[in-house]
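Residue numbers (the numbering used here), protein chains in the order written: chain A, 251 to 698; chain B, 12 to 610; chain C, 45 to 410.
Note that these hints are calculated values from the structure, not bench results. Keep in mind that the hints are not guaranteed to be accurate.
One-sided and incomplete, this derived list gives chain A residues near chain C with beta-carbon spacing under 10 Å [said to hold, decoys possible]: (1) N466; (2) V496; (3) A499; (4) D500; (5) T508; (6) S509; (7) E512; (8) P524; (9) P525; (10) G528; (11) I537; (12) V559.
Note that beta-carbon positions come from the ideal geometry of N, C-alpha and C, so glycine has one too.
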Amino acid sequence: MRKRRYFALFAVSAALSLVAAACGEDEGGGETGATGGVETGTTGGAVDCTADPFGCVEIAAGDPIQLASLLAISGDVAFLGTDSNNGIILAIDNLDGSLDAVPGQLLGHDVTLQQEDDLCSAEGGSSGATALAANPDIVAVIGTSCSSAALGVADTILGDKGILLFSPSNTNPGLTSEEAHQDFYARTAHNDKIQGAIAAEFVYNELGITTAATINDESPYADGLATAFRDNFEALGGTITLVEQVNSADTDLGPVLTSIAEGEPGIVYGPNFPPVCGLTFLQGADILPEGTVHMGADGCLESSFIPQVGDAPGSYYASSPDVTVFQGGAYYSDTFIPAYEDQFGTEPTSVFHAHAFDAANVLFDAIEAVAVDDGSGNLTIARTALKDAVFATTGYEGMTGIITCTPLGDCATDVTIGIFEYPNWPVEGGTKPTDAIYVDTKTLADVL
Amino acid sequence: MIGGVARRSIVRGGLIGGVAAIYVALVGLYTKFADLELVGEQVTLGRVLIVAPALVAAYAVTRPRIVAGERRPVAFGPGVAAGAQTGAVTGAAFAAAVWFAYWFGIDRIREIFVSVTEPLIEFLTFGQGVPAGLPLLVGASVVGGAVGGFARTAPARVRDPVSIGVVAVLLLGLLQRIVPIVFVELGFEARWLYRSGSGLTLLGAALIFVVAAGASVAWDRGGERARDRVRKTVETAPAARLGLLVGILATLFVLPLLFGSVISEVLSQVMVYVLLGIGLNIVVGYAGLLDLGYVAFFAFGAYSTAVLTGAFLNTTTGAAEPALSADLNFYVAVWLVALLAAGVGLLIGAPVLRLRGDYLAIVTLGLGEIVSVITASRWAQPLIGGPQGMRGVTKAQIGGFNPQDHPQQFYYLALAFVLLALFVSWRLASSRIGRAWNAMREDEQVADAMGISIIKFKLLAFAMGGAIGSLGGALFAVNLGSLTPASFEILVSITALAVVILGGLGSLPGVVVGALVLIGLPGLLREFEEYRLLIYGGALVAIMVLRPQGLIPNVRRSRELEQEEVTQDAWAKEVTGEAEAIAAVVPGGTLGVEPEDLE
Amino acid sequence: MGTVTEEQVRGAQLGRLERLPWRRVILIVLSVLIVSIVTIGAYKTLTLPADARYSAAAWRDFIVLGLAQGSIYALIALGYTLVYGILRMINFAHGEVFMFGAFAAFFFSDAFEASGFLDSNSVSSMAILLVVAMLTSMGVAVLLERIAYRPLRNAPRLVPLITAIGASLFLQNTARGFFGAQSKGFGVPTALEGTWTIFGLTLERTQVVVFVTVIIAVAGLSLFIARTTTGKSMRAVAADSEIASLMGIHVDRVIVTTFAIGGLLAGVAAVLFSITFQSVNFSMGFRPGIAAFTAAVLGGIGSISGAALGGITIGLMQSLGPALILTGYNVPSPFQLKDAFTFLVLVLVLIFRPGGLLGSGEAEKV
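Please put together the full structure from these sequences, using the hints given.
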């Protein structure tokens with residue numbers, strides 16, 4: 251009796267995976283379902299689960315809708331993942347229309363969040379995604395924090411099971427490129443090509459600096475951003491004096507900075523993580539020519555930078571998605587942030603809680619659109635239909651901007667990046683007022 | 012004296028327990044695990060950790076003493092009492108620290124020790140606040156101490172089942188993320204055993220306790236004679252041995268079907284480190300060459316597999332072709348990789364032929380670091396992708412067998428490689444080459460005088476070790492499909508060495524056990540990820556102090572380790588000219604110490 | 045008939061090829077290769093077109109920075125070399141001894157900065173920081189010896205090595221749990237900001253402090269080892285601990301003293317490191333630790349002057365290596381490869397002189 255059960259299970263999963271493999275490889279970009287807006291939920295009908303190559307999720311009446319998150323919640327980048335988790339929790343809270351620390355319900359079901367750790371690495375992404383993929387009750391996954399956990403790893407593992415992976419903070423351009431994109435992957439975080447381009451324009455046009463040097467550490471994030479910056483800066487007419495790389499564990503940046511100083515760049519662009527960005531700033535003060543400006547990106551726009559740098563002299567700018575700029579602006583500062591502080595006891599430790607909030611809400615809307623209630627509270631959600639509904643999102647007004655998903659998974663099409671000047675940073679410990687000194691919105695088509 | 016335990020011992024043990032408890036608080040374990048429910052809603056890991064220091068202290072304090080040549084265990088009743096007393100001391104010390112923190116100002120202490128927060132104090136005082144909750148804390152420690160005393164001094168037939176039962180419950184409580192998924196994958200309901208998304212149910216815990224304790228009782232009672240008989244049969248009858256081997260192999264094959272994809276994934280990661288361990292075991296265990304840079308072979312295996320199977324470089328615009336690329340099938344490429352890795356082994360072995368001991372360790376560490384740095388460099392980026400890495404390691408499919416998409420199937424692939432490596436390693440050990448390594452390891456000069464070419468056998472060790480290590484890298488690449496430099500740091504070398512040492516140097520079963528403990532356990536218990544390295548470090552120190560020959564020692568190797576030091580010391584003195592060096596610091600001085608100087 | 049030498053006998057039996065002294069040939073070829081690569085690289089760097097060339101000021105900076113970093117490595121390396129001389133073990137956890145000293149100094153420095161004491165009484169505050177760091181590092185080192193190494197005094201060498209690695213991991217992560225994963229900024233007193241001009245050379249003030257302190261420390265240590273009773277006891281135990289104990293030397297106490305002195309030096313290095321690089325975090329001891337014991341081995345482990353020389357060499361290699369040699373070959377981002385370069389230098393040195401730079405240089409006679 252038991253053996254038959256094993257065999258049956260094995261045969262079914264083998265068959266499914268064969269079908270998945272056959273189907274998964276050939277599709278080009280994701281399918282675009284109905285255009286414009288989001289449909290209201292359907293009730294009383296039947297969903298053809300056998301037609302959907304990835305089957306359906308069945309949620310009995312009284313059971314919760316199970317979401318999961320695969321974020322960096324431990325280690326040195328824990329501030330990033332925890333912050334995104336908080337954004338999702340607030341979105342669940344907001345289901346009842348208000349941020350009152352009482353979770354709301356979706357279609358009459360509670361929503362639970364299983365939090366997994368992506369370890370900010372490929373191994374973590376692999377094991378976390380495998381654990382989630384093994385659970386047939388997970389409707390969708392919001393993650394990952396680090397691009398290295400997603401690229402070729404989590405996006406493939408989850409995509410092979412038809413589980414949507416919706417990232418609030420992956421910014422690596424490769425994830426949504428023609429060659430690498432997986433069908434069940436989308437993100438509300440910006441594509442770093444946009445951030446690099448806006449940073450380059452700020453430096454060249456606003457600051458009027460025409461020579462730059464870049465330093466990146468060994469993370470894919472920093473390397474991708476530095477490359478995007480360089481490409482756009484040179485296209486504007488600027489000159490890159492030197493491209494250098496350091497190790498994130500380095501403390502002695504003297505020789506590198508000496509080498510950079512030789513080229514006399516007007517700005518040193520270092521889109522790294524603490525402590526390297528702080529060290530570049532502090533040690534560069536003595537080595538680089540007077541008046542050399544420094545710039546980092548959202549990796550540095552983080553609370554530990556502030557005590558490290560203190561009130562050291564010099565100009566330091568950092569680029570980051572700017573969430574205060576939207577029609578959601580007043581809502582963000584008057585309602586969302588106080589609720590965040592209230593429920594979690596601190597100010598946000600990064601900016602991506604907003605993207606997580608938006609991702610969760612887009613997901614909720616998609617679930618509402620495709621879930622079929624059989625009349626007695628049992629929901630059936632077809633996986634491909636859910637994915638299509640998310641990818642069909644157009645003109646959604648989120649906290650981070652207008653969300654329209656492209657077939658390659660970039661949902662943040664109009665990305666607004668703000669440039670902040672130290673110490674007026676919008677994180678814990680920053681000096682108010684923390685408004686951006688420069689803001690620009692671009693789409694992927696505008697950049698290289 | 013309290014029933015054979017000196018008061019001084021109680022106080023000392025108790026204070027050490029108190030320090031341990033304070034350490035646990037400061038390092039953040041309470042804060043992190045206060046809410047991790049193990050059984051029902053009340054038994055959380057944090058609460059277990061509150062009683063743990065007292066328990067361990069009491070267990071140590073009530074150990075049997077050797078008095079006048081006689082081993083005198085502590086009696087049961089007095090043992091529990093002594094344990095309780097120890098717990099009281101621990102609790103008092105801990106409570107005093109908590110009170111002090113409160114009085115001094117939590118916020119001020121938090122400026123230094125970030126884990127000391129209001130919620131922590133709340134937790135430690137069981138929600139009652141500082142003066143009121145402290146007696147509860149002391150009480151909990153007393154209970155913990157009593158349990159510790161019980162665990163040490165209770166009669167074996169009571170102690171064993173209870174301990175095993177409790178440990179089983181705790182373990183299954185910790186595995187609350189894995190076991191339900193396994194049940195679900197097998198088609199069973201798990202809700203009677205585990206609360207949804209949380210720990211064990213009371214019913215489940217009780218059941219586990221009864222089953223485990225019962226098994227222990229059954230084992231003890233009926234076991235003795237049966238165990239002896241089994242052991243004798245296995246050791247004498249070759250047919251039985253073959254049967255045992257077949258049985259083990261069969262179990263290994265069936266494992267993934269039983270355990271589902273999550274555990275298969277963890278087991279696959281274990282297999283990669285088993286391969287690394289087997290390779291390193293050849294270099295360190297058989298040939299006696301201390302290699303701290305094993306990550307070099309791992310990285311080489313991974314990246315060359317990627318390049319040879321047509322993987323792409325990640326770029327901001329999508330993908331790029333590596334400077335060198337081939338589109339081979341994985342099963343063809345992997346042999347080429349092993350061959351090339353053997354060559355790399357020769358390259359690494361050549362410069363270190365004349366070095367011994369610590370010098371060899373440092374140099375191999377350096378060589379490993381060189382490879383590590385190169386994987387992330389822009390210099391090598393056109394070939395292996397630099398910081399962005401590579402992806403698209405594929406071509407491991409044969410018909411329906413697609414190990415890259417199915418953790419269970421990958422496990423079989425890994426198992427095949429591991430069995431091959433085990434076989435090769437085992438045959439090597441008992442071959443002429445193995446005997447040459449033994450001779451070389453025991454006394455290099457004598458071996459050379461006997462006509463054993465030291466150069467050849469050292470190089471051979473590096474080559475074989477490198478080839479097997481590169482297989483580990485190749486599997487890793489196929490498993491993840493995506494490579495970034497962050498996976499190839501010095502920690503890999505250290506972990507591989509720890510696996511080999513923990514298991515027992517020169518012992519193949521030891522490598523497997525070492526990998527299961529060091530990689531398998533953290534893989535299953537991911538809540539502890541933040542503290543994984545802390546536990547690794549502590550475990551390494553503990554094992555080395557308590558049981559340095561490893562879990563499954565290789566007897567011959569353990570005996571030899573002593574001799575090796577003598578020869579290396581002699582070599583070191585000769586080569587480094589230490590005498591001259593020290594004398595050089597003291598102009599005109601000698602090493603001789605005059606008796607007058609000692610006044 | 046005269047006596048037949050062994051070589052002649054062997055020579056008669058072997059073919060012409062086998063008679064070549066292979067080892068010497070390889071060494072010669074290797075040295076020629078290295079010399080040519082280095083010279084060509086240096087030449088190409090120095091003859092780059094004028095706008096791509098490093099200025100004289102840059103070279104001066106490279107050298108000074110390398111020396112400053114190297115001096116700090118030398119101080120840490122002294123701790124390694126002392127312990128190795130006595131116990132024949134490499135104390136992998138010495139980097140963490142250094143790290144805890146830096147944290148202790150940081151907490152005081154932070155408080156001083158907040159109250160303004162740091163700037164108003166620079167000398168006294170620096171003195172206090174040094175004392176605090178030295179005491180903390182010393183404490184950690186002694187504790188380490190007592191808990192992790194003393195039980196293993198007679199164990200095979202591999203065992204304390206693994207224990208040291210385990211202790212290193214444990215201490216690093218303990219610091220992480222205690223103090224958090226984020227880096228802290230270390231404030232520099234205003235008196236030490238800026239430069240001093242000495243003999244026409246403009247140096248950062250912190251660099252001058254580093255140089256002066258290291259010279260004093262090395263000289264002081266050498267004198268201590270040579271002249272004081274404890275120093276002589278240390279030398280005796282290093283030479284032969286059994287005989288030393290027979291002579292009435294309390295070996296355990298000497299060992300503890302050695303660890304304590306190593307800890308003291310590490311504490312000094314911690315403060316110097318912190319004011320130079322202005323950053324403190326839980327993993328700050330790991331890489332400098334590896335660099336320092338590489339330095340100790342490079343110079344000839346067990347030798348104080350070797351440690352000092354090795355430290356300076358490593359420091360210089362890390363800045364001049366990429367600057368002088370790799371730049372010439374148009375290696376992109378050469379400074380990222382500085383660690384690789386340093387270890388390559390180590391490997392090459394040990395090929396030619398297996399005992400280190402100040403070792404005897406002779407391979408064992410086979």
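Hints, one by one, checked against the model:
1. N466: holds (9 Å)
2. V496: Holds. Min distance 6 Å.
3. A499: Holds, because the Cβ-Cβ distance from A499 (chain A) to chain C comes to roughly 6 Å (cut-off 10 Å).
4. D500: holds (8 Å)
5. T508: Result: holds, 4 Å to nearest chain C Cβ.
6. S509: holds (6 Å)
7. E512: holds (5 Å)
8. P524: holds (6 Å)
9. P525: With Cβ-Cβ at 4 Å, under 10 Å, it holds.
10. G528: This hint holds: G528 (chain A) lies near chain C, its Cβ roughly 7 Å from the closest one there, short of 10 Å.
11. I537: Holds - the Cβ of I537 (chain A) comes within 10 Å of chain C, reaching about 7 Å at its closest.
12. V559: holds (6 Å)
Violation of the numbered hints given earlier is absent; every hint is satisfied by the structure.
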